[in-house]
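**Student:** Throw the hints in and build the complete structure from the sequences for me.
There are 2 protein chains.
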Amino acid sequence: MFLEPYWMRHAEASAVVVSGWHRMSYRATDGLFQSVELERCIRRLHRAVGNAVADDKQIVFATGSMQLINALVYALSPDSNSGSTANVVATTPYYPAYRTQIVLFDSREYKWAGNTSMWAKASGNSTTKEDVIEFVTSPNNPDALLHQPVVVGSSAILDHAYFWPHFTHIPAPSDADVMLFTTSKLSGHASSRFGWALIRDEKVAKRVNDYIMQNTMGASRDTQLRMLAIFKTILANLHGKEDIFAFGHDVMTAKWRKLSAVVSRSRRISLQNIPPQYCTYFDKIREPSPAYAWVKCEREEDSDCSDVLLKAKIITRSGVWNDASSRYTRISLIKSQDDFDLLLERITEFVDAELTAAGSNSM
Amino acid sequence: MFLEPYWMRHAEASAVVVSGWHRMSYRATDGLFQSVELERCIRRLHRAVGNAVADDKQIVFATGSMQLINALVYALSPDSNSGSTANVVATTPYYPAYRTQIVLFDSREYKWAGNTSMWAKASGNSTTKEDVIEFVTSPNNPDALLHQPVVVGSSAILDHAYFWPHFTHIPAPSDADVMLFTTSKLSGHASSRFGWALIRDEKVAKRVNDYIMQNTMGASRDTQLRMLAIFKTILANLHGKEDIFAFGHDVMTAKWRKLSAVVSRSRRISLQNIPPQYCTYFDKIREPSPAYAWVKCEREEDSDCSDVLLKAKIITRSGVWNDASSRYTRISLIKSQDDFDLLLERITEFVDAELTAAGSNSM
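Heads up: the protein sequence lines correspond to chains A and B, in order.
Going by UniProt numbering, the letters in the first sequence line up with residues 1 to 363, in that order.
Going by UniProt numbering, the letters in the second sequence line up with residues 1 to 363, in that order.
Every clue listed holds true.
No distinction is drawn between identical chains; accordingly, a pair holds when it is met within one copy or between any pair of copies.
In silico DSS-like links for lysine-lysine, alpha-carbon gap of 27 Å or less:
1. K258 x K241
2. K258 x K335
3. K311 x K335
4. K311 x K258
5. K284 x K232
6. K206 x K111
7. K111 x K203
8. K313 x K296
9. K313 x K258
10. K296 x K335
11. K284 x K241
12. K313 x K335
13. K335 x K232
14. K335 x K241
What the hints contain is simulated information worked out from the structure, not anything from laboratory work.
**Tutor:** Below you can see the structure in the form of structure tokens.
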């Protein structure tokens with residue numbers, strides 16, 4: 001049923017193409033658009049890692065979690081006949097695609113309504129809970145901290161792209177009504193474009209699924225098959241010698257430790273504070289291992305932090321964190337070891353130059 | 001760069017996952033989101049088949065041509081600051097996803113405006129060409145006939161999903177400003193979700209690409225790699241013993257010939273008329289080989305044709321062809337040989353019953 005494997009091996013390729021139309025068709029396992037076996041693996045992984053309660057949720061597959069951003073807002077917005085418009089918000093600094101997607105699709109049922117701060121204040125006033133859809137990225141991109149919804153009574157979408165033990169401690173399984181995950185940040189298979197939503201309410205899940213079917217008629221079954229193999233490999237190695245999370249945590253911790261050591265010598269730049277925390281997956285206090293460093297320039301004259309660092313050939317990501325002060329910028333730590341080593345070298349030079357200058361000044 | 005092939009074979013799977021993050025990332029060939037080699041194959045195939053002028057067009061990949069429906073309407077609609085709204089239309093009977101997608105996304109920049117008939121009449125009046133976006137499916141789904149835009153001066157989107165020599169004669173290469181294609185109907189790989197648009201105007205292509213990036217961050221690179229292998233196989237066999245189009249044409253012609261022979265004995269049901277036509281690809285007059293039969297119930301009392309056939313256990317697709325008379329219904333011929341044989345058997349019984357009854361009546 002699912003991705004006729006003999007296609008490329010079969011001598012009479014063309015015969016397979018046409019006679020196999022019905023069997024290849026749009027379906028995966030048992031005539032469904034989603035592989036049942038892959039769903040099972042996803043539930044097993046959440047259970048084993050302890051990062052989300054999946055067993056009482058619907059799973060909807062998508063072409064990356066990107067696709068689910070607008071799909072979920074569509075599903076959580078009022079019906080097109082109601083005449084009301086949902087307000088979509090997030091807390092600064094937030095992942096820019098929430099805003100850019102809502103603006104691009106420009107639907108009559110919802111609109112981008114900016115930072116949560118004004119909505120958190122307004123709650124209890126004219127704002128009702130149906131009015132607000134809040135994106136909460138936890139751990140957050142860019143600052144890597146765990147977050148909770150701040151608008152009381154909003155429909156919250158918990159984007160847990162980074163909520164895996166290589167990037168954060170897992171204090172307890174997340175049990176939000178709507179959660180997002182992606183292989184992009186689980187195993188690094190960003191280009192495979194595979195994400196999934198865990199959704200408590202069946203009607204919401206159905207609306208998300210309707211959207212995905214209308215938008216792309218599901219997620220590629222080639223991708224689903226590849227993801228199945230990847231999930232099985234990850235599952236087979238949990239807590240073993242080849243545990244992806246233990247390995248990932250080691251790699252990311254080493255990067256953070258080195259970066260922190262260099263930056264701690266500086267008074268010109270600083271990093272977000274992430275304390276060591278108890279992690280249920282590793283069953284121990286673990287060192288921080290964020291995907292991103294959220295750098296602050298401390299000097300008054302360094303108001304454009306990204307530009308200050310760029311002059312020292314340190315490339316960061318700025319300008320996309322709407323409403324966030326330009327005094328902050330993001331350094332990505334999910335890059336190759338070579339690129340990280342070069343980054344560390346340049347930051348070391350930047351800090352050394354600061355200390356040398358400070359030394360000269362104090363003479 | 002493109003889909004680290006050693007992932008599943010490598011003993012230290014987890015090591016690959018994390019250290020390979022940067023290389024796997026989101027990119028395909030040369031840091032681009034689209035495989036340059038696959039683009040080349042698509043251009044070669046259009047040139048070799050002679051169904052579209054691709055060389056002066058931009059190619060945008062998508063998760064099936066489904067995704068391109070709304071992406072193209074977005075790209076061809078007025079800017080969100082202009083205050084005007086595009087009217088999206090198609091000629092009855094048309095593929096239902098044009099309407100359902102426009103209704104679902106419910107954008108402020110465009111709206112579904114129904115059948116072309118009222119717009120064709122209105123042209124020259126208050127309607128300006130910027131106002132209308134016309135979907136033209138050619139060959140059409142459901143009636144399998146070649147079509148041209150009918151609203152003068154509209155932005156036309158030529159959906160050429162079925163414009164391949166196994167389904168239709170190719171009179172000349174299509175050279176429309178905006179064209180859609182999909183592997184779903186080229187080779188039957190519907191579940192791979194791969195489609196592409198050929199677009200003349202660079203600005204329109206850029207807007208479509210922006211949409212695809214925002215919506216799903218491109219098409220799955222696993223899928224792109226698989227499609228590359230499939231295109232290479234198809235290209236290597238053109239006009240040879242394993243030519244997909246010659247094989248497909250033989251299979252589809254045989255089905256149409258058998259179905260036509262049975263239905264021609266009936267006065268209760270009829271099929272659309274498709275004459276044999278000269279095809280530039282085969283360089284000969286070819287027999288018809290449509291993907292769908294568009295069945296008409298001729299008796300006045302058979303106003304719900306689908307229901308009439310369902311009573312004879314013949315499953316057709318109806319109810320989705322907005323504004324089309326329920327006197328018509330669609331039979332799919334792109335099914336397995338077993339399913340087709342069963343279909344033919346039941347239609348034969350249906351026609352035999354009609355003739356037996358007619359014989360009794362005339363006694």
